[in-house]
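2 protein chains.
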Amino acid sequence: MDIIFLGTSSGTPTKTRNLSGVALRKAGSKPWFLIDCGEGTQHRLLHTNLSLNSLQAVCITHVHGDHCYGLPGLLASATMSGRSAALTIIGPAAIREFIEATQKATQLRLSYPVNFVDVAGMSGVFDGDGFDIDAVALSHRVPSFAYVFVETGLSRKLDVTRLKADAIESGPVWGQLQRGEDVILPDGRVICSRDYLLEVRKPRKVIISGDNDTPALLAESAKSAHVLVHEATYTEAVAEKVGAGPRHSSAKAVAQFAAEAAIANLILTHFSPRYKDSGGSGLTIGDIELEARTCYAGNLLLANDLDMFHLDRAGTLIRR
Amino acid sequence: MDIIFLGTSSGTPTKTRNLSGVALRKAGSKPWFLIDCGEGTQHRLLHTNLSLNSLQAVCITHVHGDHCYGLPGLLASATMSGRSAALTIIGPAAIREFIEATQKATQLRLSYPVNFVDVAGMSGVFDGDGFDIDAVALSHRVPSFAYVFVETGLSRKLDVTRLKADAIESGPVWGQLQRGEDVILPDGRVICSRDYLLEVRKPRKVIISGDNDTPALLAESAKSAHVLVHEATYTEAVAEKVGAGPRHSSAKAVAQFAAEAAIANLILTHFSPRYKDSGGSGLTIGDIELEARTCYAGNLLLANDLDMFHLDRAGTLIRR
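Chains as they are written, first to last, in the working numbering: chain C, 1019 to 1338; chain F, 1019 to 1338.
To be clear, the hints were calculated from the coordinates, so they are not data collected in a lab.
Where is the CB? At the ideal position from N, CA and C, for every residue including glycine.
Some clues are possibly wrong.
Claimed, not checked - As a list, the in silico DSSO-like pairs of lysine-lysine whose alpha-carbon atoms are at most 27 angstroms apart:
id : chain 1 : residue 1 : chain 2 : residue 2
1  : F       : K1033     : C       : K1294
2  : F       : K1175     : C       : K1033
3  : C       : K1122     : C       : K1182
4  : F       : K1044     : C       : K1033
5  : F       : K1033     : C       : K1048
What the hints assert, rightly or not - Listed below are several chain F residues computed to face chain C (Cβ distance under 10 angstroms; list not exhaustive):
id : residue
6  : K1122
7  : A1155
8  : S1157
9  : V1208
10 : I1209
11 : C1210
Go ahead and model the full structure; you've got the sequences and the hints to work with.
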């Protein structure tokens, strides 16, 4: 799986960091998912090999402009590139209002249907073509959500030991069970495929979180997650200075949570523009990294725009 | 006067060209005006010395997304940079609907008041702090306008010959007339200041046009204009191929008009992304330039993103 960052700044863009946007796809596969779409997301896409025609769904974490103002332009450009396949947009209901009002006021007609899914009313997981997508409610100034992607369609192997123990003879029946078909044996027994299939490996699970001041809300989802992508807008010192109003997380708060939840890979993003990339006497992204490292001994990565992180089948995450 | 291009592509951005946006200011002066605000305009501003706090007014030519989808993000960033001064937005009434609907859906609260001016109902010129701003209706798929900027506040000199001919003695009265005050003479005559003041020079006039398939609609305004900024989306050959549907101008059509109207300086912009900056066997911006040059012998310039053009007091326009 690839996680590609299209923007890593919070609130306003900087010369090097755009507003929030993350792309997720199975490595080597064209279909992809977009989580958040700040202004300028379509501009960043021009520097990747992601195509608007292969975009499966857009998941918006919350209604703040730095997470969704790129959506009308992206939808318009998909029309200009000739897209015809339906596009799913999952997000707060107000995202639908925003898009529909924009279409009406600016006479934007799309060449494809849009299926809006209200994340607050999403019942169970959404079947996202290679992924199950689930949402977790967070804590922010407005309703905000994390999207949890779990890969689906993994091949499974037959549990031969159990087949033999239950006296199910090898033959065409084994093939049927392997393909996921249930079978009635000549002796009348009904055999369920899922009882005789073993996971080849644990499906990979990636959490991409929206703005959130309470990382512990992700505790349940984090249990089996391989990667957590979470905002770390400030260091603790700045978070204390700005007060609780903005309702963001500090690097310390996220790193402590990731350590307690034993998450193997943590990617921080959504940095306040007051943190510069490097140098000078002012605040830097390095300050955020240092604070997080003191609390978390796992694989910590700080995202830059256009970074691509690859999660292999063994659950190892590396920057490509 | 400086004319700074923030975007020069039509429809969709390219790696080198953003969507429509032009900044206008008096040289050496902080206040500035923005004409159109495609997505990513605020990103381009980061590479200029234009400040959102000094922005006097935004003029939107028409409602198409590539001319206005950057507006919500720009307004939000002005709030984050602490702006308190009122901002004027001149444009079609639907721009107000777009902004207000976006504010409501995305909970965008601004730190300053916005004064919307419906360009279709704008009575006479708008007093724009150093400029008179007028609008001219164009021809496009939706109502589209050109904005005409004429500098104001030029110093004027006394018409001494006329003062003497009318037997108005030099003294304090001459000073009052110079300052623009009307005067009653001891002999009872009422003297109007404007009758005794001469223009030091012709005020500079710049036309910045929206999308338009009929350049001749600008004939009246063009009479005394120093600069025309106009779209040249295609060459004639491509314009014929795409047909009349998009309702844009070819380079030839604009250049022929500028030649007939005897406009001294013509800047072309809003190029279809099919025209590359250079090289290869495909279409290039050079094709648009070549076509325009064959019809127009004046000062022809093709805009690139972040180009700054300086119009001096004598009406000479150069690329800085």
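Each hint, compared with the structure:
1. F:K1033 with C:K1294: With Cα atoms ~24 angstroms apart, K1033 of chain F and K1294 of chain C stay inside 27 angstroms; holds.
2. F:K1175 with C:K1033: Violated. K1175 of chain F to K1033 of chain C sits at ~47 angstroms, over the 27 angstroms cutoff.
3. C:K1122 with C:K1182: Violated, at about 64 angstroms.
4. F:K1044 with C:K1033: The given pair, whose Cα atoms are some 26 angstroms apart, holds under the 27 angstroms limit.
5. F:K1033 with C:K1048: Within the cut-off at roughly 21 angstroms; holds.
6. K1122: 8 angstroms, holds
7. A1155: 17 angstroms, violated
8. S1157: At 16 angstroms from the nearest chain C Cβ, S1157 of chain F fails the 10 angstroms test, so the hint is violated.
9. V1208: Violated - the Cβ of V1208 of chain F stays beyond 10 angstroms from chain C, reaching only about 52 angstroms at its closest.
10. I1209: 52 angstroms, violated
11. C1210: 47 angstroms, violated
In the structure shown, a violation is registered for the earlier hints numbered 2, 3, 7, 8, 9, 10, 11, in ascending order.
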